[in-house]
Amino acid sequence: MILSHPQTTLEPRAKRRSALKSALKVMKYGFFDLLRSRWIIIYTLFFLAVTSGLLYFGGDANQAVLSTLNLVLLVVPLISLVLGLSYYYYTRDFVELILTQPIGRSSVFLGHFSGLALPLVAAFLLGSGLPFLLAGVRQGADWRVIASLMVAGTLVSLIFSALAFWIGLLNEERVKALGIALGVWLGMTMIYDGLLLLFSILMQAYPIERSLIILSLFNPIDLSRILVLLQLDTAALMGYTGAVFQRYFGSNLGILASLGSLLIWTGLPVYLGLRSFKRKNF
Amino acid sequence: MVSLKQVSKTFGNLEVLKGISARFEVGKITAVIGPNASGKTTLMKSILGLVLTDDGQILVNGESAFQNPVSRAQIGYMPQKAQFPDNLKPIELLNWVQDLRDEKSPRLHALIDYFQLGPQLDKPLRVLSGGTRQKVSAVLTFLFDPPVLILDEPSAGLDPLASSRLKDKILEEKRRGKVIILTSHVMSELEELADEVLFLLEGHIVFQGTLAEIRERTGEQKLERAIAKLMEGRAL
Amino acid sequence: MKRLVGILLVLGTALLGTTWVYGQSTLEVCPTCSLTSLKTAIAQANPHDKILVNGGSYTEGTILVDKPLTLEGLNQPILDGEGKVEILTITASDVTVRGFTFQNAGISHTADQAALKTLEVENCLIENNTFLNNFFAIYLGKTKHCQVLHNTVKAHATSESFSGNAVHLWDCSEIVVKDNYLSGQRDGVYLEFVKDSLIENNISEANLRYGLHFMYSNNNIFRNNRFRANGAGVAVMYSKNIEMTQNHFEDNWGSAIYGLLLKEINDSRLYNNVFHDNSVGIYVDGANRTDISFNDFSHNGYALRILSSSMGVTIAHNNFYGNSFDVTTNANRSYNAFLENYWEAYQGYDLNHDGFGDVPYRPVRLFALTVENYPQTMILMRSPLEQFMDYAERILPIFTPKAIEDDRPLMRRVLW
Numbered sequence: 178m179i180l181s182h183p184q185t186t187l188e189p190r191a192k193r194r195s196a197l198k199s200a201l202k203v204m205k206y207g208f209f210d211l212l213r214s215r216w217i218i219i220y221t222l223f224f225l226a227v228t229s230g231l232l233y234f235g236g237d238a239n240q241a242v243l244s245t246l247n248l249v250l251l252v253v254p255l256i257s258l259v260l261g262l263s264y265y266y267y268t269r270d271f272v273e274l275i276l277t278q279p280i281g282r283s284s285v286f287l288g289h290f291s292g293l294a295l296p297l298v299a300a301f302l303l304g305s306g307l308p309f310l311l312a313g314v315r316q317g318a319d320w321r322v323i324a325s326l327m328v329a330g331t332l333v334s335l336i337f338s339a340l341a342f343w344i345g346l347l348n349e350e351r352v353k354a355l356g357i358a359l360g361v362w363l364g365m366t367m368i369y370d371g372l373l374l375l376f377s378i379l380m381q382a383y384p385i386e387r388s389l390i391i392l393s394l395f396n397p398i399d400l401s402r403i404l405v406l407l408q409l410d411t412a413a414l415m416g417y418t419g420a421v422f423q424r425y426f427g428s429n430l431g432i433l434a435s436l437g438s439l440l441i442w443t444g445l446p447v448y449l450g451l452r453s454f455k456r457k458n459f
Numbered sequence: 024m025v026s027l028k029q030v031s032k033t034f035g036n037l038e039v040l041k042g043i044s045a046r047f048e049v050g051k052i053t054a055v056i057g058p059n060a061s062g063k064t065t066l067m068k069s070i071l072g073l074v075l076t077d078d079g080q081i082l083v084n085g086e087s088a089f090q091n092p093v094s095r096a097q098i099g100y101m102p103q104k105a106q107f108p109d110n111l112k113p114i115e116l117l118n119w120v121q122d123l124r125d126e127k128s129p130r131l132h133a134l135i136d137y138f139q140l141g142p143q144l145d146k147p148l149r150v151l152s153g154g155t156r157q158k159v160s161a162v163l164t165f166l167f168d169p170p171v172l173i174l175d176e177p178s179a180g181l182d183p184l185a186s187s188r189l190k191d192k193i194l195e196e197k198r199r200g201k202v203i204i205l206t207s208h209v210m211s212e213l214e215e216l217a218d219e220v221l222f223l224l225e226g227h228i229v230f231q232g233t234l235a236e237i238r239e240r241t242g243e244q245k246l247e248r249a250i251a252k253l254m255e256g257r258a259l
Numbered sequence: 027m028k029r030l031v032g033i034l035l036v037l038g039t040a041l042l043g044t045t046w047v048y049g050q051s052t053l054e055v056c057p058t059c060s061l062t063s064l065k066t067a068i069a070q071a072n073p074h075d076k077i078l079v080n081g082g083s084y085t086e087g088t089i090l091v092d093k094p095l096t097l098e099g100l101n102q103p104i105l106d107g108e109g110k111v112e113i114l115t116i117t118a119s120d121v122t123v124r125g126f127t128f129q130n131a132g133i134s135h136t137a138d139q140a141a142l143k144t145l146e147v148e149n150c151l152i153e154n155n156t157f158l159n160n161f162f163a164i165y166l167g168k169t170k171h172c173q174v175l176h177n178t179v180k181a182h183a184t185s186e187s188f189s190g191n192a193v194h195l196w197d198c199s200e201i202v203v204k205d206n207y208l209s210g211q212r213d214g215v216y217l218e219f220v221k222d223s224l225i226e227n228n229i230s231e232a233n234l235r236y237g238l239h240f241m242y243s244n245n246n247i248f249r250n251n252r253f254r255a256n257g258a259g260v261a262v263m264y265s266k267n268i269e270m271t272q273n274h275f276e277d278n279w280g281s282a283i284y285g286l287l288l289k290e291i292n293d294s295r296l297y298n299n300v301f302h303d304n305s306v307g308i309y310v311d312g313a314n315r316t317d318i319s320f321n322d323f324s325h326n327g328y329a330l331r332i333l334s335s336s337m338g339v340t341i342a343h344n345n346f347y348g349n350s351f352d353v354t355t356n357a358n359r360s361y362n363a364f365l366e367n368y369w370e371a372y373q374g375y376d377l378n379h380d381g382f383g384d385v386p387y388r389p390v391r392l393f394a395l396t397v398e399n400y401p402q403t404m405i406l407m408r409s410p411l412e413q414f415m416d417y418a419e420r421i422l423p424i425f426t427p428k429a430i431e432d433d434r435p436l437m438r439r440v441l442w
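Protein chains in written order, with our numbering: chain A, 178 to 459; chain B, 24 to 259; chain C, 27 to 442.
In short, the hints are calculated from the structure, not lab data.
Take the hints with a grain of salt, since some may be wrong.
Simulated crosslink set (DSS-like; lysine-lysine; CA at most 27 angstroms straight-line) [to be verified]:
#	chain 1	residue 1	chain 2	residue 2
1	B	K41	A	K457
2	B	K112	A	K202
3	B	K127	A	K205
4	A	K353	B	K28
5	C	K93	C	K65
6	A	K198	B	K127
7	A	K457	B	K28
8	B	K197	B	K51
9	B	K104	B	K63
10	B	K51	B	K41
11	B	K63	A	K457
12	B	K28	A	K455
13	B	K104	A	K205
14	A	K455	B	K63
15	C	K180	C	K65
16	A	K202	B	K127
17	B	K146	A	K205
18	B	K63	B	K252
19	B	K245	B	K190
20	B	K104	A	K202
21	B	K112	A	K205
22	A	K457	B	K104
23	A	K198	B	K112
24	A	K455	B	K41
25	C	K289	C	K221
26	B	K28	B	K63
Non-contacting residues of chain A with respect to chain C, defined by C-beta distances greater than 10 angstroms in every case (computed) [claimed, not checked]:
#	residue
27	Y233
28	Y266
29	L302
30	M327
31	R402
Label-pair restraints from in silico Cβ distances [as the list claims (entries may be wrong)]:
#	chain 1	residue 1	chain 2	residue 2	range
32	A	L307	C	G374	46 to 52 angstroms
33	B	D145	A	L445	41 to 47 angstroms
34	C	L377	A	L363	31 to 37 angstroms
We put the CB at the ideal spot given by N, CA and C, even for glycine.
Please work from the sequences and hints to get the whole structure.
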């Protein structure tokens, strides 16, 4: 049984404001610390180099979008997980130090997480967005496609760095955590789709389009891919296979569903991480 | 004043604190001692709110320590081995913590001078030695002049000069009426600092009293031998 | 050769028809002239006279041209069908119509009412006219040696059954359709039983059904036309000896919509065409002895879909890049040849620097094959899994048909 804990004297609104202020201060630290670390710079330069290369050698903005989409689907989750985990373990003791200061745990967690996630997002947006911006002006790119790619990359960064935090919080051992993270990565990028493929082949005789669409909602990688494809003419191809696909991929329904699910997906690991963090013994 | 009432904590199947009640008084230095895994660190972390207790109540100057940031405004904590972000410099760290607490400390420069940190203030923490980091940690601990100080092996890693300065500082704070809780493996340090010893064994407080009382109870004049005897459970 | 002679004849006669005629006189029609009606003018005119019609609106029901005349509009006079009738019916040879705006030819479900129709005539010239909101616009029936030049056709058809074609040729020969803009009708250019004709430099876009649609029309040339964003793309069927060169097929998306559908097309040649941004670049359903060479296939869903009903089709020296699927088929066997094409997706090497890849390329990818058999797997398009599958298949080809293989894939794009 927990005995009653005296209430603080602050008004609720003032309390909320000071909680937000503290979170921002925690974030500010993480942000600048990470910006100074070489990994985030390497990550940014990697994206700058690859995207510029794709645009320069591929020549065509839409082709480059598809190649960058591959990066968003494979590299961004992997880097977000690995960088997220190493950042989590690397700052674990320091977080302990912050927790000895008079700041609530929610503020610490949200600030700490934003301190990782925002540089990751910034690195992605800068690294892959800038070349598109520069090339797009020249090539008359389709801004909707590029915007969807940027949204997908941002949300994937957020989702997988939040997952990394959550995995870290649940595992004291970092090697085990890394193993779990790689499993999650492989599962979401490959194995899940492999199971969808198997499902499609086994259930060939049945009308499974609706089930496939619903199943795709459970994987943020599939959702991101579909979100970007829906902005391309390729979406029309996906619609040919039947009336259900036609309705889903041929209208705004698909965009709304995939974007909405992605946003829920973003909130979920952050919430789970926050819950674990608040219950954790340091 | 810090008080614990029937505090318990279990990690998985392991019961670490088994209904602990204790009081830490103003103007007194209490050393928490006991064998490894006796619950020392858990006890201190519970007071800090780092460990969330299952049961019981911890009050720090009347504020509950459970999920209550306000209680931590009362505490200065010096961990055994301070970990700081590599890329920050000591001065940035100290300023950042002040910014975080929204509180400017008038003691900052005096403390930096006292611990002779001046020349290291502008080097990234990652290039600083363990001892220098401990000094930074000490500055941070005393920075906001908190009424309660929790010091985990405070002099570990410090050179003799810094170590003696730190001890002087602790005694000075005691005289200024602080509640001071510390752990130490260094017997001379205990002799020098502790007014009272709180002895933990398997999650229970088995002894709380002055150093003189330990010697009396165990019949050993040497503190180290007296404590060893307590650990073996022979003098209970 | 025969075709070329035909075209020269057409051009020649057109020239003669406008300048050479002896004893020609001119009648003028305008709202304030003594002649205010085109019908009356035609009735009064002698053969080979010229009728000059001034700007203004003329609503005279169906106007019949039954003698060789030149009708010329000044300041775009409007001939209005009021949504009820056919506007101009030409039943005489050697008629020229130029400079008019035809509008609102009536919709009919029993007759092919057109803004301008010729029936069983020769040597006509229809040029520089504008056609707005007509059922059929230009309709040539059983006509020979006729030219349709520099006309603009616009309509806003919303339903196929309430719309006719922009240029409709039925049972014609030696026709030239050139430099026209055709939009918003049912089909842009429609040919049925047409031979020895040339369709050149036209833009046909945003038509409800096909940009170009022909059947049973042999020995025709389609050159340098642009077909874009038509409801169902372009469909050509049941014809032979067709030459399609330098045409653009663009922006045709949707199921059963093709950049170009070839159905039962024999002994034909497709050179230097561009297929860009279509759901299917070319859908080949039963073509024989046809040469598809030096074409560009870019950014299509399927660049080339070739069904097993095709034989002896040669696909050589084409460029394939930026397509979701380069080649798909419904069979394991193939009696067609893929030769020396440029495949952007080819990852082989060229050690002896002869410009050709040293390893053959199989353009049918494993994922394409999977989608072919299990269409729902399309939902995995562009997924990492798709790439993994294709990569594995490239290293160890098991599933993809060996019959469709380019033994000498080009390392660089073909320039033409």
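For the pair we were handed, K180(C) and K65(C), check the Cα-Cα distance against 27 angstroms.
Roughly 26 angstroms separates the two Cα atoms, so the pair holds.
Run the C-beta distances from M327(A) to all of chain C and say if the shortest one exceeds 10 angstroms.
Non-interface label stands for M327(A): nearest chain C Cβ at 17 angstroms, farther than 10 angstroms.
Are K455(A) and K41(B) close enough, with their CA atoms no more than 27 angstroms apart?
holds, 23 angstroms
Are the Cα atoms of K41(B) and K457(A) separated by 27 angstroms or less?
holds, 19 angstroms
D145(B) and L445(A), beta-carbon distance inside 41 to 47 angstroms?
holds, 43 angstroms
Is the hinted pair K112(B) and K205(A) satisfied, with a Cα-Cα distance of at most 27 angstroms?
holds, 15 angstroms
Distance restraint between K93(C) and K65(C), which requires alpha-carbon spacing of 27 angstroms or less:
With Cα atoms ~12 angstroms apart, K93(C) and K65(C) stay inside 27 angstroms; holds.
Keeping to a limit of 27 angstroms between CA atoms, is the pair of K127(B) and K205(A) held or broken?
holds, 18 angstroms
Take the C-alpha atoms of K104(B) and K63(B), compute the straight-line distance between them, and say whether it is at most 27 angstroms.
It holds: about 16 angstroms lies between the C-alpha atoms, which stays within 27 angstroms.
Is it true that the CA of K63(B) sits at most 27 angstroms from the CA of K457(A)?
holds, 18 angstroms
Regarding L377(C) and L363(A), is the given constraint of 31 to 37 angstroms on their beta-carbon distance met?
Because 36 angstroms falls inside the window, the suggested range holds.
For K104(B) and K205(A), compute the direct alpha-carbon distance and say whether it is at most 27 angstroms.
holds, 24 angstroms
Checked against the numbered hints given earlier, this structure breaks hints 4, 31 and 32; the rest are met.
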